[in-house]
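Enquirer: Going down the list, the protein sequences come from chains A and B.
If you count the first sequence from 1, position 42 lands on 457 in our numbering, and the numbers rise without skipping.
If you count the second sequence from 1, position 63 lands on 110 in our numbering, and the numbers rise without skipping.
Rather than coming from a laboratory, the hints here were simulated on the basis of the structure.
Every residue gets a Cβ at the ideal spot worked out from N, C-alpha and C, and that includes glycine.
Keep in mind that the hints are not guaranteed to be accurate.
[Unchecked claim] Distance windows between CB atoms, simulated:
(1) A:T505 to B:I88: 21 to 29 Å
(2) B:N146 to A:F504: 31 to 39 Å
(3) B:E135 to A:F504: 50 to 58 Å
(4) B:E165 to A:S417: 31 to 39 Å
(5) A:T505 to B:N171: 49 to 57 Å
(6) A:S437 to B:A128: 43 to 51 Å
(7) A:S437 to B:D111: 45 to 53 Å
(8) B:K120 to A:V500: 24 to 32 Å
(9) B:N156 to A:S469: 38 to 46 Å
(10) A:T428 to B:F92: 45 to 53 Å
(11) B:K124 to A:D498: 41 to 49 Å
(12) A:T428 to B:A162: 15 to 23 Å
[To be verified] With a straight-line Cα cutoff of 25 Å, these simulated SDA-like cross-link-like pairs (lysine to any residue) come out:
(13) A:K456 to B:D121
(14) A:K465 to B:R147
(15) A:K508 to A:D498
(16) A:K465 to B:N146
(17) A:K456 to B:I155
(18) A:K495 to B:D111
(19) B:K95 to B:Q148
(20) B:K120 to A:Q493
(21) A:K495 to B:V117
(22) A:K456 to B:K95
(23) A:K465 to B:F179
(24) A:K465 to B:Q148
(25) B:K95 to B:G64
(26) B:K124 to B:A152
(27) A:K456 to B:K168
(28) B:K120 to A:S477
(29) A:K492 to B:I109
(30) B:K120 to A:K465
(31) B:K120 to A:Q481
(32) B:K168 to A:F427
(33) A:K456 to B:Q94
(34) A:K495 to B:S76
(35) A:K456 to B:G64
(36) B:K124 to A:D449
(37) A:K456 to B:A110
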Amino acid sequence: MSTLHLVRKSAFTTNDFAQCLSVLDQQDSIVLMDDGCYNLKHPLMDSLIKRANSTISINVISNHAQARAIETLAVVKQIKMNDVVELTFTHQKVITWQ
Amino acid sequence: MISSDTQIEDNLSQQNGLAIINSKAPFSSDYGKDALDVALIFGSFEQKVSLFFQGDGVYQLIADQDATLVSIKDYLKTFSAFEFYDIEDIYVCQQSLVNRQLDEAFHINDVQVLASVEFGKALNSHQHVLRF
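Generate the whole structure from the sequences, applying the supplied hints.
Expert: Shown next, in the form of structure tokens:
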């Protein structure tokens, strides 16, 4: 059972991202969108990348990050909003963290 | 004697001023825009306004942002009008910048980056505070 995690809040003000990571499974995917893009610079992100070992897909909505002047990381895939539609079909469930 | 009198006067004029704390990221809510509107209204009535940026509010000042990419009217551009409203005291919490791995690269000039203690002192010198 794979889950798509839509992260929409900054981990600097809420603990939604931390809660997301606590239930994250090996075959899951993460999409950072809206204020979730700020999490690219959060220490939790480093720990996620370390444990991700290529099975967990980490994505960011490119224009959401660009609007906020956030540099994206090489290991994070830049996608568009319409790619999220595709992802909802390739995963059994969707959880929105907001 | 004279110096202490002027100091007291300075303190009083400071205390009469309004402090506005910005604590929210710019694009996911209306708080930033609302705070801006209040600041400019007070400024246009020649009331002394100081702006404080703390927590995710520091993102409002970061350079090279583009709200049009997320279909939002770019109110951050209006920040450059502060000088015309005599809003000159703009303070940023240094710890908030460090936590977010942000450089002191802002899209407006004359921003003062203060360590936590100084930031608190500057805030406490105001009699009225609004937090957004």
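Enquirer: All hints, please: hold or fail.
Expert: A quick look at each hint next to the structure:
Here the CB-CB span from T505 of chain A to I88 of chain B is close to 50 Å, at odds with the stated 21 to 29 Å. As the Cβ distance of N146 of chain B to F504 of chain A is approximately 37 Å, the hint placing it in 31 to 39 Å holds. For E135 of chain B and F504 of chain A, the Cβ-Cβ distance of about 54 Å falls inside the hinted range of 50 to 58 Å, so the restraint holds. At roughly 49 Å, the beta-carbon separation of E165 of chain B and S417 of chain A lies outside the given 31 to 39 Å, and the hint is violated.
Separation of T505 of chain A from N171 of chain B is about 53 Å and conforms to the stated range, judged on CB atoms against 49 to 57 Å. Here the CB-CB span from S437 of chain A to A128 of chain B is close to 44 Å, well matched to the stated 43 to 51 Å. Against the hinted window of 45 to 53 Å, the Cβ-Cβ separation of S437 of chain A and D111 of chain B comes to about 33 Å, which falls outside the hint. For the hinted restraint 24 to 32 Å between K120 of chain B and V500 of chain A, the CB-CB distance of approximately 27 Å keeps it satisfied.
Judged by the Cβ atoms, the range 38 to 46 Å given for N156 of chain B and S469 of chain A holds: they are separated by roughly 45 Å. Look at T428 of chain A against F92 of chain B: about 32 Å separates their beta carbons, and that is not inside 45 to 53 Å. For K124 of chain B paired with D498 of chain A, a C-beta distance near 30 Å fails the hint of 41 to 49 Å. Restraint check, T428 of chain A to A162 of chain B: a C-beta distance of roughly 21 Å satisfies the suggested window 15 to 23 Å.
A C-alpha spacing of about 23 Å is found between K456 of chain A and D121 of chain B, which places the hinted pair at or below 25 Å, so the restraint holds. Of the supplied pair hints, the one linking K465 of chain A and R147 of chain B holds, its CA atoms being roughly 19 Å apart against a limit of 25 Å. The straight-line distance between the Cα atoms of K508 of chain A and D498 of chain A is roughly 16 Å, inside the 25 Å bound, and the hint therefore holds. Between K465 of chain A and N146 of chain B, the direct Cα distance comes to roughly 20 Å. Compliance with the 25 Å bound is thereby established for this hinted pair.
Proximity of K456 of chain A to I155 of chain B is assessed by CA-CA distance (about 23 Å); at most 25 Å being required, the pair is judged to hold. For the given pair, K495 of chain A sits about 20 Å from D111 of chain B by alpha-carbon distance, which is consistent with the 25 Å threshold. With a C-alpha separation of about 32 Å, the suggested pair K95 of chain B and Q148 of chain B falls outside the 25 Å cut-off, and the hint is violated. This hinted pair checks out: K120 of chain B and Q493 of chain A have alpha carbons roughly 24 Å apart, not beyond 25 Å.
Restraint check for K495 of chain A and V117 of chain B: the C-alpha separation of about 12 Å stays at or below 25 Å, so the hint holds. Annotation: proposed proximity of K456 of chain A to K95 of chain B is violated, straight-line Cα distance about 35 Å (limit 25 Å). At roughly 36 Å between alpha-carbon atoms, K465 of chain A and F179 of chain B are farther apart than 25 Å, so this suggested pair is violated. With a CA separation close to 19 Å, the supplied pair K465 of chain A and Q148 of chain B stays within the 25 Å bound.
Straight-line distance between C-alpha atoms of K95 of chain B and G64 of chain B comes to about 5 Å, which keeps the hinted pair within the 25 Å bound. Distance restraint check for K124 of chain B and A152 of chain B: the Cα-Cα separation of roughly 15 Å lies within the 25 Å cut-off, and the hinted pair is therefore satisfied. Distance restraint check for K456 of chain A and K168 of chain B: the Cα-Cα separation of roughly 29 Å exceeds the 25 Å cut-off, and the hinted pair is therefore not satisfied. Restraint check for K120 of chain B and S477 of chain A: the C-alpha separation of about 19 Å stays at or below 25 Å, so the hint holds.
Under the criterion of a C-alpha separation no larger than 25 Å, the hint pairing K492 of chain A with I109 of chain B is consistent with the structure, at around 24 Å. Proposed proximity of K120 of chain B and K465 of chain A is contradicted: the alpha carbons are some 38 Å apart, above 25 Å. For the proposed pair K120 of chain B and Q481 of chain A, the alpha carbon gap of about 15 Å is at most 25 Å, so the pair holds. Distance restraint check for K168 of chain B and F427 of chain A: the Cα-Cα separation of roughly 23 Å lies within the 25 Å cut-off, and the hinted pair is therefore satisfied.
In summary, the hint linking K456 of chain A to Q94 of chain B is not supported, as the alpha carbons are separated by about 38 Å, beyond the 25 Å threshold. Restraint check for K495 of chain A and S76 of chain B: the C-alpha separation of about 22 Å stays at or below 25 Å, so the hint holds. A hinted pair counts as satisfied when its Cα atoms are at most 25 Å apart, and K456 of chain A with G64 of chain B does not qualify at roughly 35 Å. Of the pairs offered as hints, the one joining K124 of chain B and D449 of chain A holds, with about 20 Å between alpha carbons and a cut-off of 25 Å not exceeded.
Between K456 of chain A and A110 of chain B, the direct Cα distance comes to roughly 16 Å. Compliance with the 25 Å bound is thereby established for this hinted pair.
The structure shown violates the earlier hints numbered 1, 4, 7, 10, 11, 19, 22, 23, 27, 30, 33 and 35.
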